[in-house]
Amino acid sequence: MERRALLLTWILIIIVGLMAIFYHQKWMPVSQGDLDIALFSRGIGTPLLLWLNGYLGVFLNFQYLSPVGALAIPLIVFGLFRWRHLERWQQALLVFTVMAAAVIGVFGGFNYRYALTLQPLLVVAVTASVCAFFTGKQRTFLLVALVVLAVGNTVLSMELRQRLWKANPDYSSPDTRDGSMKERLDSGPRDLEAFLDSNGVRPTDTVLVNNLPIWYYATERPGIYFWGGSDQLFLAHSKPFLFKDRTDDQAASFLMDSLHCHYIFSTREYDLYNPHYRAFLESHTQLLASDERGFTLYRLKAPSEP
Amino acid sequence: MSAMVSFIALVVTTNLLFGLITAAFFLRFRARLLVPTWPLALAGIGTGPFLLTIVLYYLLLLGPGIPPLVLLTVPFLFFAILAWSAGPGWQEMGRLFKGIPRLLREVSIWFLLAGSAFLLVITVVFLANKPLVDHDVLEYGVQGRIFLRDGVIGYSRFRFDAATGFHYVGLHGFAFPLLFTWEGLWSGLLGLKTDMWVRSITMWYAWLLIVFVWSVLRSLGAWVAMAGTMALTASLGFLFLATIYHLDSMRIFFFATALAAFIAVLRAPGLDRMLLFAVLCAGGSFIHSIGAILSAVLWVVLLVMLRASIRDRIRWAVPALGLMLVLGGVHYVLDVLFGTGWIFQDIIWY
Numbered sequence: 000m001e002r003r004a005l006l007l008t009w010i011l012i013i014i015v016g017l018m019a020i021f022y023h024q025k026w027m028p029v030s031q032g033d034l035d036i037a038l039f040s041r042g043i044g045t046p047l048l049l050w051l052n053g054y055l056g057v058f059l060n061f062q063y064l065s066p067v068g069a070l071a072i073p074l075i076v077f078g079l080f081r082w083r084h085l086e087r088w089q090q091a092l093l094v095f096t097v098m099a100a101a102v103i104g105v106f107g108g109f110n111y112r113y114a115l116t117l118q119p120l121l122v123v124a125v126t127a128s129v130c131a132f133f134t135g136k137q138r139t140f141l142l143v144a145l146v147v148l149a150v151g152n153t154v155l156s157m158e159l160r161q162r163l164w165k166a167n168p169d170y171s172s173p174d175t176r177d178g179s180m181k182e183r184l185d186s187g188p189r190d191l192e193a194f195l196d197s198n199g200v201r202p203t204d205t206v207l208v209n210n211l212p213i214w215y216y217a218t219e220r221p222g223i224y225f226w227g228g229s230d231q232l233f234l235a236h237s238k239p240f241l242f243k244d245r246t247d248d249q250a251a252s253f254l255m256d257s258l259h260c261h262y263i264f265s266t267r268e269y270d271l272y273n274p275h276y277r278a279f280l281e282s283h284t285q286l287l288a289s290d291e292r293g294f295t296l297y298r299l300k301a302p303s304e305p
Numbered sequence: 000m001s002a003m004v005s006f007i008a009l010v011v012t013t014n015l016l017f018g019l020i021t022a023a024f025f026l027r028f029r030a031r032l033l034v035p036t037w038p039l040a041l042a043g044i045g046t047g048p049f050l051l052t053i054v055l056y057y058l059l060l061l062g063p064g065i066p067p068l069v070l071l072t073v074p075f076l077f078f079a080i081l082a083w084s085a086g087p088g089w090q091e092m093g094r095l096f097k098g099i100p101r102l103l104r105e106v107s108i109w110f111l112l113a114g115s116a117f118l119l120v121i122t123v124v125f126l127a128n129k130p131l132v133d134h135d136v137l138e139y140g141v142q143g144r145i146f147l148r149d150g151v152i153g154y155s156r157f158r159f160d161a162a163t164g165f166h167y168v169g170l171h172g173f174a175f176p177l178l179f180t181w182e183g184l185w186s187g188l189l190g191l192k193t194d195m196w197v198r199s200i201t202m203w204y205a206w207l208l209i210v211f212v213w214s215v216l217r218s219l220g221a222w223v224a225m226a227g228t229m230a231l232t233a234s235l236g237f238l239f240l241a242t243i244y245h246l247d248s249m250r251i252f253f254f255a256t257a258l259a260a261f262i263a264v265l266r267a268p269g270l271d272r273m274l275l276f277a278v279l280c281a282g283g284s285f286i287h288s289i290g291a292i293l294s295a296v297l298w299v300v301l302l303v304m305l306r307a308s309i310r311d312r313i314r315w316a317v318p319a320l321g322l323m324l325v326l327g328g329v330h331y332v333l334d335v336l337f338g339t340g341w342i343f344q345d346i347i348w349y
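Chains as they are written, first to last, in numbering that gives the first Met the number 0: chain L, 0 to 305; chain V, 0 to 349.
These are computed hints drawn from the structure, not numbers from a lab. Be careful, since some hints might not be right.
What the hints assert, rightly or not - Computed list of chain V residues with no C-beta within reach of chain L, every gap over 12 Å:
| id | residue |
| --- | --- |
| 1 | Val54 |
| 2 | Trp109 |
| 3 | Gly187 |
| 4 | Pro318 |
Said to hold, decoys possible - Computed, partial: chain V to chain L, Cβ under 10 Å:
| id | residue |
| --- | --- |
| 5 | Lys129 |
| 6 | Val132 |
| 7 | Arg144 |
| 8 | Phe157 |
| 9 | His166 |
| 10 | Val212 |
| 11 | Thr228 |
| 12 | Met229 |
| 13 | Asp247 |
| 14 | Ile262 |
| 15 | Arg266 |
| 16 | Gly269 |
| 17 | Leu305 |
| 18 | Ile309 |
What the hints assert, rightly or not - Calculated from the model, a selection of chain V residues having no Cβ within reach of chain L, i.e. all distances over 12 Å:
| id | residue |
| --- | --- |
| 19 | Val4 |
| 20 | Phe28 |
| 21 | Pro63 |
| 22 | Val69 |
| 23 | Leu76 |
| 24 | Ala79 |
| 25 | Thr232 |
| 26 | Phe254 |
| 27 | Leu336 |
In this text, a Cβ means the ideal position worked out from N, Cα and C, and glycines have one as well.
Input sequences plus hints: build the corresponding full structure.
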């Protein structure tokens, strides 16, 4: 019995290891291609990835999570088969794990930060199960295998990030960016006040801020909060759309005449999320400045301007 | 240099002093809780800063326009009372610390210490080189500073700041923004504008989480603890968890400790354990909505699967859920009734 269990455990570890290799080398795309940018950036651009990084992201998002957590899936199946032999707390933990994985998977599994929530539980459960089922050298070898699996997966994840970076010049992360440690870790605007002053934005000028809370953290200047990705303005009493039901000319005059806003502060990355917003930037604004960290500053053109 | 003084003062008072006081308070009940000492003490250390945010929350909620000096003083009075209430818990903690030299004789713990030293080096490098630049944590930072500037926490459908046009889109409890409020209070006294301490909170809770997992697995064997901890921490996600300034390490720490308490209640049902479970669930809930949702799932599973009579379940759950409501759960009730509607609104995914 123990021999069969040992063989099965090694097979499962090897399967998870192979999955991690296929995941990083084959299944994860390194360039956007025809994929939607939001789905691509969340790692759920294909039906397979929607399951791996989305619905089952708690277990199988190998890009960010320890593959040891994936071994909790057969453990859960085993627990369900052996339900009557489990202690009450084990049954409760099993039920909770399934429910929690479902909740996270359905509502935000694509966000690795949420999927990470169950990692301590899953890794401790797998490690404790190895200790419960095996002793002596068998246990030692299996524990070493879990560590090797985790470390090897991280090496694959880092290599994938390097390939992503090479395929996408805009892809930016401290582990792929060039420069000194400070330059790699500090992705914020270098001196926002000086950046604005040098481009003629007065401290009292209202600026449309495209989802950049750094504006409010680093300056005392007035802003109108906006998210281009969902086309929503965040005003005092409502969250209306900017472009929906408005022509671009109407949107421009709404910004200038009703909201008294003549500038837009954004980033090159955020500018790509909404094609309509991007087209508006090209037709109705003038790019005043763009810094080396990707921050962009636009001035809205007056209706008479070409 | 002054920023460093403010940082050290906050680490000593908030992380260590408030944390140890709360740990001693937890340890006072150890004989009744019948849970392992180290995990309980670590849960207490992590709960200290959370209780601080609860005190600040009620001061700002119930005393609009409260002077900064009062806001700064009352938490010290609260923790002084808690320290006094801890009573025999201090002796328990003394015994715990006396056992450290024996622990240090194990080879495996030196790997934990080496890992801790590595995390400390990473912390220093990041605090020195990485300012607050990431989206979510900046949202919390701006909102925390608005709380401090206005001296009030209120509820309205849209959390809009008329002075700047900032619109807080966060859905979660205010534990993390209130840490910014707390650091703002201190740095305001020194005439500084620093956020070094709040930035370090990410690493602090990541370290507490690592040590907590290690202490739980330690009961299965020293090398088991080491292997399990390595399997957990050797992932890119965990590396980001420990280095990118965010509330995740704090909420996952509370989730992990609440899970341990959940198991403890199921193994030996009783009011004391259920109250501990409620406190730790409250911590996770007041930090983030996912903590509140998972806590609700934990409670449902617990109440359905607990081996106890219906009468006992009600007798234990009512005070425990009441405590959870007091320790931050009330935020979600107020937000649903008088505020943004919490998750019952059109949520925009970023």
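Hints versus structure:
no., hint, result
1, Val54, "25 Å, holds"
2, Trp109, "17 Å, holds"
3, Gly187, "16 Å, holds"
4, Pro318, "21 Å, holds"
5, Lys129, "4 Å, holds"
6, Val132, "4 Å, holds"
7, Arg144, "8 Å, holds"
8, Phe157, "6 Å, holds"
9, His166, "3 Å, holds"
10, Val212, "6 Å, holds"
11, Thr228, "9 Å, holds"
12, Met229, "5 Å, holds"
13, Asp247, "5 Å, holds"
14, Ile262, "5 Å, holds"
15, Arg266, "5 Å, holds"
16, Gly269, "14 Å, violated"
17, Leu305, "8 Å, holds"
18, Ile309, "16 Å, violated"
19, Val4, "23 Å, holds"
20, Phe28, "20 Å, holds"
21, Pro63, "20 Å, holds"
22, Val69, "26 Å, holds"
23, Leu76, "31 Å, holds"
24, Ala79, "33 Å, holds"
25, Thr232, "8 Å, violated"
26, Phe254, "6 Å, violated"
27, Leu336, "19 Å, holds"
Checked against the numbered hints given earlier, this structure breaks hints 16, 18, 25, 26; the rest are met.
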